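Same order as they appear, the protein sequences are chains A and B. Every position in the first sequence, counted from 1, becomes a number in the numbering used here once 2 is added. Every position in the second sequence, counted from 1, becomes a number in the numbering used here once 1085 is added.
Please note: incorrect hints may appear among the correct ones.
From the structure, some residues in chain A lie toward chain B, with a derived Cβ separation under 7 Å [what the hints assert, rightly or not]:
1) A37
2) W40
3) L317
No wet-lab data here; the hints were simulated from the structure. The model shown is predicted, which means the values in this text are computed figures rather than measured ones. We put the CB at the ideal spot given by N, CA and C, even for glycine.
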Amino acid sequence: MIDAPGPWGTGPFILTQGASVIDAQRAVIRSEPLACIWQYTEQRSERVRLVANPDYWDRRRGPRPAEVVFRNDLPPERALELVCTGEGEVDLVTEVPAAQAARVEASEHARLVAVDSAMAVAGVIDRDAVDLPLADRRARQALNLAVDREALVRDAVFGRARPMSGLTPPTRLTAAHRAPDRLRPYPHDPARAAGLWRAAGGGTGGLLRIAAPAALEAVARRVGADVERVLGLGTEVRTLAEEAEGQERRRLAENKEGPRDWHVLLVGQGNQSIDAPPLELHRAFAGETGEYRAGPVIPEFERLYEQLPAHTSQLALVRMANRIDRYVRRQALALFLYAPQALYAVNRHVDFKPYTTSFELAETEVGPQHWSRR
Amino acid sequence: MRSPFARGHRSTEPAGTLHVVDPSPLNWLYITYNTVEELVRVTPGGKIRPAAMRAYRWRDDRTLEVRVRPGERFPDGEPLTAATVKRSFDEQQRWQAPHPPGTHFNIDPRVRCEVVSQRKVRFHLPEPDGLVIGKLRATHVMSTRFWEEVGFGYARQGSGEGHW
């Protein structure tokens, strides 16, 4: 991260005022060789100003705006109100909650821009649980078969997501990843789910504990309702405030033995490119160095994952990533839920070009009717 | 509503001011991506593509050769050369866990960067690593002044661990 403004880089913009920095704390997953993640707290200037770099090499790309000001003095709710109700204060708000999308669509001043993100929302399954048979693949498959993803996306995410088959988010460029045998999401199959649950030794009347960040509470409750109806279990949903969520993630990263006070922990995990999803997704949930692995190391996963970097050809890399995704799906090494859309509220005179994995503004165009150009 | 950005409205010179509110916890990274280049970038669709490098090729499965884009300069006038790339790479490799997401973005500490010419570097890998191209997205290519005056956490915290 850039701690201070200055002429430091050759990107499309130059940082001329303020900074957006983090203070990081390490969570060690494995000490030798070191594997860790960082948890961090943010510190932002009230305003962070970028100006167009006149020497940026890619003129086709941009930069198109002359200036970008990140306003960190406004809470997101207030920013959303401002972009929807007027002009001049806020032009673009990121991370619009799906529940607020309709409000933006109804606005005279703003448009809703949506892009299929490469993020995965999934459940970490505690394979160390002693009171439920989640170490058994059939029980984990039963959970996946119990969830009605179509209904979940429709009811809990307002349709702003795509159900996931495994942990590779379905983007246009990953469509080929799923051919030729068309990896599909686990179907909602109550009868098969109940059968597999019983076969794994699961009875009715147990309690499935689900923990989720507050933003995923509706999703957790929907999952819980499906599990109750299909498997005959009771469910308990615990929502985690921001600090508690961070603590839970740290505990999970650092303590691979358990016990844990949840059976399923819902998380959203990003992915910085779609070329090799296992690096950030499958490894995180199932790998020896995975911050979300909740159970013993899985030798077959490690064997597959070790083969991933052995390929320098893009095609071979993609094929290997597909094999890993299929393995993780077959073993039900997570509760696969959905890949959300990233939603933005954008001033009507701004032509915003969203990114699947990032937030970059070089290509975004400020129209001639925009307040800053009139 | 019909888009106001029909053909013909495109400006060739930068124009206008955007006020952005970005509650994302990755805002620090987006500020970096908007102001800094790496040898590769990610397209809007999410694919890795050359950026500060013009092209790359695998000479063999342990040698990655990169041609640096000609004519690039930092805003203070310093040219971006093969030596700039090596400096950035070597700075990154000083640290055990430089990248905030975690060590999965690390490049093998045994990898060596060789300046072949003013516009060409070779990365010598101890074993094949097809993920290294994507990991170069986290190797920010910075000016000499940056390393001397700010660094990734150097001036502020005295360490680059967790601050790239």
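Query raised in the report: Taking each numbered hint in turn, which are not upheld by the structure, reported in ascending numerical order?
Result: When the structure is compared with the hints, only number 3 turns out to be violated.
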